[in-house]
Amino acid sequence: MNQSPLVILFAAVLTNNIVFSGFLGMCSFIALSKRIDTAIGMGLAVTFVSTFTTALNWLIYHYILKTGALYKLTGIEGLDGEIFTLIVFIAVIAAFVQIVELAIARISQSLYQALGIFLPLITVNCAILGVSLFMVIRGYGFLASIAFGFGSGIGWLLAIFLMAGIRQKLRFSKISPSLEGIGITMITTGILAMIFMVFNGMVRMN
Amino acid sequence: MTLAVEIIVFMLITAILTGAVIIFNRILSPSGNVKIRINSGEKELTVKAGSNLLSALLENSIYIPSGCGGKGTCGLCRITVTENNAGALPLECSFINSQDLKKGVRLACQVKLLDDLGVSISADYLEARLRSAIVIQSTLVSGDIKEIIFETQEELVFECGQYVQIKVPSEDEQLFRAYSLASDPAEQKQFALNVKLIPGGIGSTYLHELKVGDKVEFTGPYGEWKLDLTPETELVLVGGGVGMAPMRSIARSVTRCIPGKKVSFFYGACTMDDLLFRNDFEKLDLDNSNFTYFWALSSDTNECTERMGFIHEFLKKELEPPIKDRQAFLCGPPPMIDAVMEVLFDKGFEETEIFYDKF
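Chains A and B supply the protein sequences, listed in that same order.
Throughout, the numbering used here is defined as the position within the first sequence, counted from one, plus 2.
Throughout, the numbering used here is defined as the position within the second sequence, counted from one, plus 4.
In case anyone wonders, no lab produced these hints; they're calculated from the structure.
Please read all numbers here as calculations on a predicted model, not as lab measurements.
Be a bit skeptical, because a hint or two may be false.
Cut-off 20 Å, straight-line C-alpha distance, at most; resulting in silico cross-link-like pairs (SDA-like, lysine to any residue) [unchecked claim]:
#1 LYS68(A) with ILE20(B)
#2 LYS74(A) with ILE11(B)
#3 LYS351(B) with GLN331(B)
#4 LYS230(B) with GLU355(B)
Counterexamples of contact, computed for chain A against chain B with all Cβ distances above 12 Å [as the list claims (entries may be wrong)]:
#5 LEU8
#6 LEU16
#7 LEU26
#8 ALA33
#9 ILE42
#10 LEU145
#11 ILE148
#12 GLN170
#13 LYS171
#14 ARG173
#15 THR187
#16 THR190
#17 ILE193
#18 MET196
#19 ILE197
#20 MET199
Restraint-style ranges between C-beta atoms, simulated for each label pair [what the hints assert, rightly or not]:
#21 GLU322(B) with MET28(A): 53 to 63 Å
#22 THR77(B) with LEU46(A): 26 to 36 Å
#23 GLU175(B) with GLY118(A): 20 to 30 Å
#24 LYS171(A) with THR84(B): 33 to 43 Å
#25 PHE25(A) with GLU48(B): 54 to 64 Å
#26 PRO338(B) with ALA195(A): 37 to 47 Å
#27 LEU134(B) with ILE119(A): 30 to 40 Å
#28 PRO179(A) with PRO337(B): 24 to 34 Å
Note that CB positions come from ideal geometry on N, CA and C, so glycine has one too.
In isolation and in its complexed conformation, chain A is listed as follows:
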């Protein structure tokens, strides 16, 4: 329960990597890992969104939604915002992604075009929502939540970066036609997940 934020950060990147141990956020992971530059762009966008939405969601959850928090806020008995958790988390993520999308369109047209439809799809990227939900289930404090959100984003970035590097090499390899594209990508993901299991002995996350 009371692991230090640094340990949580480390665990989120390596031992409990959101892609390789949770298999979350797979659709954009596979779709955007064809080229290293777009993979890094998407990875940074996910890291950014997951860090800030986790922090925002922590604040909203602990000060408004949690059982008893509304009573403290309003003084009216019997209020409970807990049932709104999921819908509020999703709304926060959606609003945040929309702002990030506006910012990317303004700053880099080429990244905006490369990310295409997958940028708004971060909204329903299960990795992002997963991080917010795990944070609640595991009962992290504010700093620990930020570390977890940031670490998970970096973990996702690391995963898609590795995958993009491998897929750029795979383009020049002889692959059985039936496995070309998604097939070999899934197999590679499995092998990478097994490699990441090696880190498991180092830190254990609750």
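Using the hints provided, position chain B relative to the given structure of chain A.
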């Protein structure tokens, strides 16, 4: 009571989130005007931010050629951005080679107007005006190809291999489609287009429905095909399907003006019906000792088995290597151009001697 408060709290959270999105949209969306400086200050335009360069230039009557209406699929609207170039998008890199990318060449339809820009536009684009022409003849030359002859009020000065942009009436934006000129440049107040009807195609449907006396608007001529006029330079023309149109213009003009020039015309079509203007070309072949006409059919099995095959195979067989000065002009579908280019390189052609138009 508690239910009402819970709903209010929830709505409040949603309202705050929506408010945040609206505020950021105000801050981040391009607004106001941007300036476009053309040819380092020769002309300056003030346009609304947020649209793309191509449509902004069209609105200001600078007719940059574009065959796809700004979708980034034709690669015609090349322009050099000299100031504030945001860098080419991945889409553009398939149309522009790395040397030109370094010089700042972009596709105008992909340049989004966020900041002030400096661009250089060649003089013929700047001078291009919207002109009108009247249909004086429209004949079906094969199942789906029409030859349409237009008459202009003033002279249309063009060179062989150039094309015009026909304005297609459209509700929202300025829509143009590019067609090669198929007539002899000597016919000064007339020009002809050979138009293949593409099912669902906006441009070809419009042109096919035109009747004698109808008025069209067009810009041009455009095109960078540089025909070498010296008689010693041998000319190889390869046309596929309706890509024969510019070749017809070149063939007719060269045989008339430079009779000493050796011209070989290779014409690839699908079936006998698609082989257009056969009599015209055969007559040219008979009348001019220096003009040779080859044709091939790629998918007709009924007749002339010796003519069956792709045009690049005939080119490989018939074209004699090596002649010192020569030029090749190709027009047709992309696979044909690629195959023909390969044969030409094998025969010792240099890249600068080959001009092509893929469509």
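Results for each hint:
1. Only pairs whose Cα atoms come within 20 Å are accepted, and LYS68(A) paired with ILE20(B) is accepted, the gap being roughly 19 Å.
2. Taking the CA atoms of LYS74(A) and ILE11(B), the gap is about 17 Å. The hint holds against a cut of 20 Å.
3. This hinted pair checks out: LYS351(B) and GLN331(B) have alpha carbons roughly 12 Å apart, not beyond 20 Å.
4. Pair hint LYS230(B) plus GLU355(B) holds up; C-alpha atoms about 13 Å apart against a cutoff of 20 Å.
5. A cut-off of 12 Å between C-beta atoms confirms that LEU8(A) is not in contact with chain B; the least separation is 31 Å.
6. Remark: the non-interface label on LEU16(A) is consistent with the geometry, its nearest Cβ contact in chain B lying 32 Å away (cut-off 12 Å).
7. Consistency note on LEU26(A): stated as away from chain B, and its beta-carbon is indeed over 12 Å from all of that chain's, at 23 Å minimum.
8. With a least beta-carbon separation of about 15 Å from chain B, ALA33(A) lies farther than 12 Å from that chain, consistent with its non-interface assignment.
9. The beta carbon of ILE42(A) sits about 14 Å from the closest Cβ of chain B, which is more than 12 Å, so the claim that it is off the interface holds.
10. Even its closest Cβ contact with chain B, about 23 Å, leaves LEU145(A) beyond 12 Å, as expected for a residue assigned away from the interface.
11. For ILE148(A), the condition that its CB be more than 12 Å from all CB atoms of chain B holds, with the nearest at approximately 19 Å.
12. Interface exclusion of GLN170(A) from chain B stands, the closest Cβ pair being 15 Å apart, more than 12 Å.
13. Non-interface call for LYS171(A) relative to chain B: holds, since the shortest CB-CB distance, roughly 20 Å, exceeds 12 Å.
14. Against the 12 Å criterion, ARG173(A) stays outside the reach of chain B, whose nearest CB is about 16 Å from its own CB.
15. A cut-off of 12 Å between C-beta atoms confirms that THR187(A) is not in contact with chain B; the least separation is 20 Å.
16. Separation of THR190(A) from chain B is adequate, the least Cβ-Cβ distance of about 24 Å exceeding the 12 Å criterion.
17. Once the 12 Å rule is applied to beta carbons, ILE193(A) is consistent with being away from chain B; the minimum gap is 29 Å.
18. At the 12 Å boundary, the C-beta of MET196(A) stays outside the reach of chain B, the nearest C-beta of that chain being 33 Å off.
19. Consistency note on ILE197(A): stated as away from chain B, and its beta-carbon is indeed over 12 Å from all of that chain's, at 31 Å minimum.
20. The claim that MET199(A) lies off the interface holds: its Cβ sits roughly 35 Å from the closest Cβ of chain B, which is beyond the 12 Å cut-off.
21. A hinted range of 53 to 63 Å holds for the C-beta pair GLU322(B) and MET28(A), which are about 56 Å apart.
22. Look at THR77(B) against LEU46(A): about 30 Å separates their beta carbons, and that is inside 26 to 36 Å.
23. Distance hint check: the CB atoms of GLU175(B) and GLY118(A) are about 27 Å apart, consistent with the given range 20 to 30 Å.
24. For the hinted restraint 33 to 43 Å between LYS171(A) and THR84(B), the CB-CB distance of approximately 36 Å keeps it satisfied.
25. Between PHE25(A) and GLU48(B) the beta carbons are some 56 Å apart, a value that agrees with the proposed interval 54 to 64 Å.
26. Judged by the Cβ atoms, the range 37 to 47 Å given for PRO338(B) and ALA195(A) holds: they are separated by roughly 42 Å.
27. For the hinted restraint 30 to 40 Å between LEU134(B) and ILE119(A), the CB-CB distance of approximately 37 Å keeps it satisfied.
28. Under the hint 24 to 34 Å, the C-beta atoms of PRO179(A) and PRO337(B), about 27 Å apart, fit the expected range.
Every hint from the earlier list agrees with this structure, and none is contradicted.
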